[in-house]
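Student: Protein chains in written order, with my numbering: chain A, 1 to 378; chain B, 1 to 378.
Take the hints with a grain of salt, since some may be wrong.
Label-pair distances were calculated between CB atoms; the ranges are [what the hints assert, rightly or not]: (1) A:82 / B:268: 28 to 38 Å; (2) A:265 / B:193: 53 to 63 Å; (3) A:4 / B:250: 50 to 60 Å; (4) B:190 / A:185: 53 to 63 Å; (5) A:265 / B:180: 22 to 32 Å; (6) A:265 / B:268: 57 to 67 Å; (7) B:124 / A:106: 28 to 38 Å; (8) B:229 / A:139: 27 to 37 Å; (9) A:240 / B:287: 19 to 29 Å; (10) B:189 / A:228: 22 to 32 Å; (11) B:351 / A:251: 51 to 61 Å; (12) A:101 / B:116: 46 to 56 Å; (13) A:106 / B:139: 57 to 67 Å.
Now the stretches of chain B that chain A is said to cover, found in silico as 3 or more residues with beta-carbon under 8 Å [what the hints assert, rightly or not]: (14) 87 to 99; (15) 282 to 294.
Hints in this document: simulated from the structure, not taken from any laboratory. All values reported here derive from a predicted model rather than from experimental measurement. A virtual CB, placed ideally from N, CA and C, is assigned to each residue, including glycine.
Number of protein chains: 2
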Amino acid sequence: MTAPVDVAIVGGGVIGLATAWRAAQRGLSVAVVDQSAGRGASWIAAGMLAPVTEAHYGEEALLGLNLDSAGRYPAFVAELEAASGTSVGYSTSGTLAVALDAGDRAVLAELHAYQQRLGLDSDLLSGRECRTLEPMLAPTVRAGLLVTGDHSVDPRRLTAALHTAGHRAGVRFLEQQATATTSSSVTLADGTTIAAGSVLLAAGCWTPALTGLPGRPVKGHVVRLRGAGFLQRTVRGVVRGFDVYVVPRDDGEVVIGATVEEMGFDTSVRVGCVYELLRDAHELLPGITELELVECGAGLRPGSPDNAPLVGRLADGRFVATGHYRNGILLTPVTADAVTELLAGGQLPAVMAPFSPDRVSAHGTSAAPTATQAGSMR
Amino acid sequence: MTAPVDVAIVGGGVIGLATAWRAAQRGLSVAVVDQSAGRGASWIAAGMLAPVTEAHYGEEALLGLNLDSAGRYPAFVAELEAASGTSVGYSTSGTLAVALDAGDRAVLAELHAYQQRLGLDSDLLSGRECRTLEPMLAPTVRAGLLVTGDHSVDPRRLTAALHTAGHRAGVRFLEQQATATTSSSVTLADGTTIAAGSVLLAAGCWTPALTGLPGRPVKGHVVRLRGAGFLQRTVRGVVRGFDVYVVPRDDGEVVIGATVEEMGFDTSVRVGCVYELLRDAHELLPGITELELVECGAGLRPGSPDNAPLVGRLADGRFVATGHYRNGILLTPVTADAVTELLAGGQLPAVMAPFSPDRVSAHGTSAAPTATQAGSMR
């Protein structure tokens, strides 16, 4: 039995770490339990903060949440960088979605019209205008949609900064697996039990096994390159029906992502997935072949029945923050703020209310009419 | 000043390590100087032992050396595995060179006829016969040449075994860079000088800088996969004019190699090279996409003006063993034996005599009429 805490958090990914930091800032005593904090999906994620270029029909509730969290990012980053003393690689240079043929161009025009109706900012560009912005683009690029509000962050630096800020705010980190949880305790692999005022499960794709909530891991491959100055902003496009994106960072890293696969808990890197990512990125940016290949990896996104997050309190009294699927990095600020409000005794804020776990049954069916499966991503 | 030795060897790749072991077996005291022994070209090499499938017109002297060394391999491996207590992953299941079109088939038939004239053993097979031997081969494979005498070894396990065997035989390993050498001393980065009866330079592509001998690094990319049972033997072919080979090991490793590039001393891994290796291997073996990708790497082969080794004594009294280009692993036994004979006061054996450094001037021109550039490999 170790000293009791106000909040015990199972899971040291971006969601768990950000919530730990926020809760500690509110004066709560916090422990984070994770065998290898920051080494799950957060370690693999490319870090796109793209509510606009990923806006899909029928997902207006989720879009609202995504935009809300994107809006929190500048202040979140400023506060976190000050608290941790480290940069998180936040880039506000925008995103350019490009079209390789007339069909793609029509899709971009339609997305542009949809964004206009929602009041989102984007500009349709000619192929020539795209190449003026990004000279490495293929001559076959026919058109583009420039979204200055879709940004990116380096998830590894974000995780490291959250860890440091949490540590400085008094968060305790327990490098162990949690073997059992109740609404007031977490038992560790070594047999220790931590008594807690509240218990939050933020274990990504492993949360369903801890809670009985529906959900599944959704595997994603990414390839990390090195090439300073290769791109000024995130470039994305649809090649052979698959979305591919290329995210540059100020430290010279360039990340190609991402596959979307239902492969269970397998995180092995497959030859075919790496090959396809390189092939598709090469189609958009032929000069990418000259860059250095640094790392190939695969991670597991926490998928939910409707691919929208599950944030709130379970019937058994435990709290949960999971199911962020492809938007975990983007949704970190709003999720941490909402969960901290709950943990401090408040209510789930209005923007998060539609994403309470109440909407799903333990049998895996969804009762939320406002957030449907994204569907367009591989 | 540390204790003097009979032989100081600069370079802890397969050539240096094997010579150290052999020299220690002959009763000589030996020191090997290398900052990171086994981490050069030996670390990246796929380990094909392929004198027959790599036989080229006009390279009969080199072919003789290659065949001689291949003939030494079984006893070399048996002795080394006994001395080290570890396996070196020696596979004698043969090599299958395949043709994807009629032109490739004609090249294989020509190579087959050439091999027959030289008395080398190989069999022309139909596409169906190839697929019976290797069911993962593409349906487009039209013909093949089976060479049961072309084997493979795991260079990393070979290096580790040589290190252990050398250590057990009394070889001293100095993990430092050599900053200067004479015929009787090696100076280390920390300022220490080792007095030696003989000094051998076996520093791969860095040997020219130490000796003034002509030579250059020839970069090669390889990709390491995991897939037990995927292939029974090495498969190679020519795709889009480039040689690609896939080497399986008994521990489940599968290695795709290799590019042949003149890029100076750069060992960074390039996106385009990995992409092309995967693409070309996929052409021969479509199912390779399902395997796990473990590692992408690049190393530097020690090239010489005629791509044949430089083994013998320099005018200044120092000994040299370098320039093994694409055949370093294959030529390890014969080189170690020949150099040890020299170091023990004997003569360069007849099979190695044509490869003395006497044939090249310090200006980089070749005087050897019997060994011309391979030319057919990318």
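Student: Against each hint, give a clear statement of whether it holds in the structure.
Tutor: Right, here's what the structure says about each hint:
1. A:82 / B:268: 28 to 38 Å: holds, 36 Å
2. A:265 / B:193: 53 to 63 Å: holds, 57 Å
3. A:4 / B:250: 50 to 60 Å: holds, 54 Å
4. B:190 / A:185: 53 to 63 Å: holds, 56 Å
5. A:265 / B:180: 22 to 32 Å: The hint (22 to 32 Å, Cβ to Cβ) is violated, given that residue 265 of chain A and residue 180 of chain B are roughly 55 Å apart.
6. A:265 / B:268: 57 to 67 Å: About 33 Å separates the Cβ atoms of residue 265 of chain A and residue 268 of chain B, which means 57 to 67 Å is violated.
7. B:124 / A:106: 28 to 38 Å: violated, 54 Å
8. B:229 / A:139: 27 to 37 Å: violated, 44 Å
9. A:240 / B:287: 19 to 29 Å: Holds, at about 20 Å.
10. B:189 / A:228: 22 to 32 Å: Hint holds: Cβ distance 31 Å, inside 22 to 32 Å.
11. B:351 / A:251: 51 to 61 Å: Holds: the Cβ-Cβ distance is about 53 Å, inside 51 to 61 Å.
12. A:101 / B:116: 46 to 56 Å: Since the Cβ atoms of residue 101 of chain A and residue 116 of chain B sit about 53 Å apart, the hinted range of 46 to 56 Å holds.
13. A:106 / B:139: 57 to 67 Å: This hint is violated: roughly 37 Å between Cβ atoms.
14. 87 to 99: Result for this restraint: violated, n = 0.
15. 282 to 294: holds (count 8)
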